[in-house]
Amino acid sequence: MTPQPSEMVEKTGLPAPTDDIVIASAGEKSEWRQGRYLSIVSLVLYFGAWFGLTHSGLVADFKLPSPEAVVEAAITLRSVIVGDILATVARVVAGLTLGVLFGVGLGLLMSYSKRAFYFFDPIVEMMRPVPVIAMIPFFLLWFGINEQGKLLLVLMGVFTIMVVSTVEAVRNVPRIYTRAASTLGASRNQTFRRVVLPAIVPSLIGPLRVAAALSFTLVVAAEFMGAQSGVGYRIMEARRLFNPDVIMLGIAIFGFLSFVLDTVVRKTTTYITRWSERTL
Amino acid sequence: MTGISEAQPGTSSTGTQVSISSVSMRFTAEHGEVQALEDVSLTVRENEFVCLMGPSGCGKTTLMNAVAGLVQPTSGRIEVGGAVVSGTGADRAVVFQDDAVFPWMTVEANVGFSATVRGKPKAEIERIVNHYLGLVGLEQFRRAWPRQLSGGMRKRVDLARGFATDSSVLLLDEPFGALDIMTKEYLQEELLRLWRKEPRTILFVTHDLEEALFLGDRVVLMTPRPGRIEAIYEAGFPEDRDMSFKVDDRFVELRREIRERMTEGGKS
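Just so you know, the protein sequences line up as chains A and B, in that order.
For the first sequence, our numbering assigns the number 1320 to the initial residue and increments by one for each residue that follows.
For the second sequence, our numbering assigns the number 113 to the initial residue and increments by one for each residue that follows.
Keep in mind the hints are simulated off the structure, nothing from the lab.
Hints are not guaranteed to be accurate.
Among the chain A residues that face chain B by a calculated CB cut under 10 angstroms, a handful are [unchecked claim]:
no., residue
1, Pro1493
2, Arg1498
3, Ala1500
4, Ser1501
5, Ser1506
6, Arg1513
7, Val1514
8, Ala1518
9, Pro1521
10, Ser1522
11, Arg1593
12, Trp1594
13, Ser1595
14, Glu1596
Listing some non-contacts, in silico: residues in chain A with all C-beta distances to chain B over 10 angstroms [to be verified]:
no., residue
15, Gly1354
16, Tyr1356
17, Lys1382
18, Arg1397
19, Ala1413
20, Leu1417
21, Val1489
22, Ile1495
23, Tyr1496
24, Ala1499
25, Val1520
26, Ser1548
27, Phe1561
28, Phe1573
29, Val1583
We put the beta carbon where it would ideally sit given N, CA and C, even for glycine.
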């Protein structure tokens, strides 16, 4: 939702830094000069348009709530909303973590052992093209509106992304590294742990960010289908009670939460891959 | 001491380290069979520096990969230290042409990699790392990431990592092929210096005749299609040679001789 201009600037190829400190300040300056200020302009225009539209009388209140109405809703509902946010975040974090663990784990197993690959590949390939949301009726049937169903939904969505990406990432590890490791006396096991594992991390960052964003989508779907708390649940309830301001508040919260999660993922992975060229 | 030698020059008490007997290698490529190596036999003494030299396609890298155990010969056998080669092993470290320094490890972790995977105690790894970093003059870069080093420095890390194994045999596959001439010549001297301090049996693959002559005790000239040994030359130039030796009469003379042989081979 929120664009990341700083990242775009990094990728458009500033000259390779030689001195971290000097470049850091030079980078900030040139980032601003290159048009960073436009991000502020766009935000002002965006909120200005929203404000103008809702106060002009062109759009009815119940179709598009004004910014103040959303802020008011946030203040009125603050105690419930905090609980909703915690419930949603817990589901996202649990589903994402388990999905990544299982997905990367199985991906590694399938890369390590040909037998494991031939055994699991058909199942993964069968699951992969199915939108997990299509499984919701079954989850309702099996788990009702319990947490297991929601967890499983997020887990499955994340899992399929990570398993395929991991297998692919291992395939792309330059052979020279594994060859060098084995001629230096590393066993297959050691080569896998010390060479393949760190080598695939940079190529898993993209899929991980996609999976993190997807887990929010899936949590909303899960909470729509039936829940007693959560931001998605609050939105559905607001729809029933005809409270567009609360719906808008829920949307804003989702935007904020996924921005926070993405930032955490990006900062963490940037630190882990600080050895790589991409962090420069 | 120059010229073609068919027999093993018997020197001192050192024994045979690498023995390649009647090795042939065929590949099935898109356009039919390729005879990469045909009946290649070569014996390398302990702590000898042998250069495999020849144009691309002469099978020199294939031969080296076979000694490394990365590929299996179609026929013939390769022994290292009396044991038949059947796969890669810690007794034969390889330094490749391309950058194979692990980018996710610091310089010291790279140099200590072999000791680490072979389960050496921490203090021993530390000692090995210090020793070899010192030898290649990279102590102050021990905690640097490889991306922070120049190509020549990364190559020195690579060499140190190879020497820091317990390998009695080092296999170097055009290790300086991707470097500029200045760095390359500097590293040639470095490698000689390193090898004299820490003698190993070295098989060095190159297509650069000057490099082969400068580095090797012997230069094995190979010819392509099918890849086989054309001639073996004793170089064995003075131990303390440096770059200036490349214009020495003996050096120039042997280079001319081999060059002529190569040209003849190209015509036939």
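Verification of the hints:
Given the 10 angstroms rule on beta carbons, the hint for proline 1493 (chain A) holds: about 8 angstroms separates it from the nearest Cβ of chain B. At its closest, the beta carbon of arginine 1498 (chain A) sits 6 angstroms from a beta carbon of chain B; the interface hint therefore holds under the 10 angstroms criterion. A least Cβ separation of about 7 angstroms between alanine 1500 (chain A) and chain B falls short of the 10 angstroms threshold, and the interface hint therefore holds. The criterion of a C-beta within 10 angstroms of any C-beta in chain B is met by serine 1501 (chain A), whose closest approach is roughly 4 angstroms, and the hint holds.
Hint status for serine 1506 (chain A): holds, given a least beta-carbon distance of 7 angstroms to chain B, under 10 angstroms. At a threshold of 10 angstroms, the smallest CB-CB gap from arginine 1513 (chain A) to chain B is about 7 angstroms, leaving the interface hint in force. Look at valine 1514 (chain A): its Cβ gets to within about 7 angstroms of chain B, closer than 10 angstroms, so that hint holds up. Below 10 angstroms, beta-carbon pairs count as interface contacts, and alanine 1518 (chain A) has one with chain B at about 7 angstroms; its hint therefore holds.
The beta carbon of proline 1521 (chain A) comes within 9 angstroms of a beta carbon in chain B, closer than 10 angstroms, and the hint placing it at the interface holds. For serine 1522 (chain A), the interface hint is violated, the least distance from its beta-carbon to any beta-carbon of chain B being 13 angstroms, above 10 angstroms. With a cut of 10 angstroms, the hint placing arginine 1593 (chain A) at the interface with chain B holds, because the nearest CB-to-CB distance is about 7 angstroms. Restraint check, tryptophan 1594 (chain A) versus chain B: the minimum CB separation of about 5 angstroms is within 10 angstroms; hint holds.
About 7 angstroms separates the beta-carbon of serine 1595 (chain A) from the nearest beta-carbon of chain B, less than 10 angstroms, and the hint is met. For glutamate 1596 (chain A), the suggested interface contact is upheld, since its CB lies about 6 angstroms from the closest CB of chain B, less than 10 angstroms. Every Cβ of chain B is farther than 10 angstroms from the Cβ of glycine 1354 (chain A); the closest lies at roughly 29 angstroms, confirming the non-interface assignment. The Cβ of tyrosine 1356 (chain A) sits about 32 angstroms from the closest Cβ of chain B, beyond the 10 angstroms cut-off, so the non-interface label holds.
With a minimum CB-CB distance of about 53 angstroms to chain B, lysine 1382 (chain A) clears the 10 angstroms threshold, and the non-interface call stands. With a closest Cβ-Cβ approach of about 45 angstroms to chain B, arginine 1397 (chain A) is found to remain outside the 10 angstroms limit, as its non-interface label requires. For alanine 1413 (chain A), the requirement that its beta carbon stay farther than 10 angstroms from each beta carbon of chain B is met, with the minimum near 29 angstroms. The beta carbon of leucine 1417 (chain A) is kept farther than 10 angstroms from every beta carbon of chain B, the shortest such distance being approximately 26 angstroms.
Every beta carbon of chain B lies more than 10 angstroms from that of valine 1489 (chain A), the smallest distance being close to 15 angstroms; the non-interface claim holds. Consistency note on isoleucine 1495 (chain A): stated as away from chain B, yet its beta-carbon is not over 10 angstroms from all of that chain's, at 5 angstroms minimum. A cut-off of 10 angstroms between C-beta atoms contradicts the statement that tyrosine 1496 (chain A) is not in contact with chain B; the least separation is 6 angstroms. With a minimum CB-CB distance of about 4 angstroms to chain B, alanine 1499 (chain A) fails to clear the 10 angstroms threshold, and the non-interface call is violated.
Distance check for valine 1520 (chain A) against chain B: the nearest CB is about 8 angstroms away, which does not clear 10 angstroms, and the non-interface claim fails. In this structure serine 1548 (chain A) is separated from chain B by more than 10 angstroms, as the shortest Cβ-Cβ distance comes to about 42 angstroms. With 10 angstroms as the threshold on Cβ separation, the claim that phenylalanine 1561 (chain A) sits away from chain B holds: the shortest Cβ distance comes to roughly 55 angstroms. Against the 10 angstroms criterion, phenylalanine 1573 (chain A) stays outside the reach of chain B, whose nearest CB is about 35 angstroms from its own CB.
Consistency note on valine 1583 (chain A): stated as away from chain B, and its beta-carbon is indeed over 10 angstroms from all of that chain's, at 22 angstroms minimum.
Hints 10, 22, 23, 24, 25, counting from the list given before, are not met by this structure.
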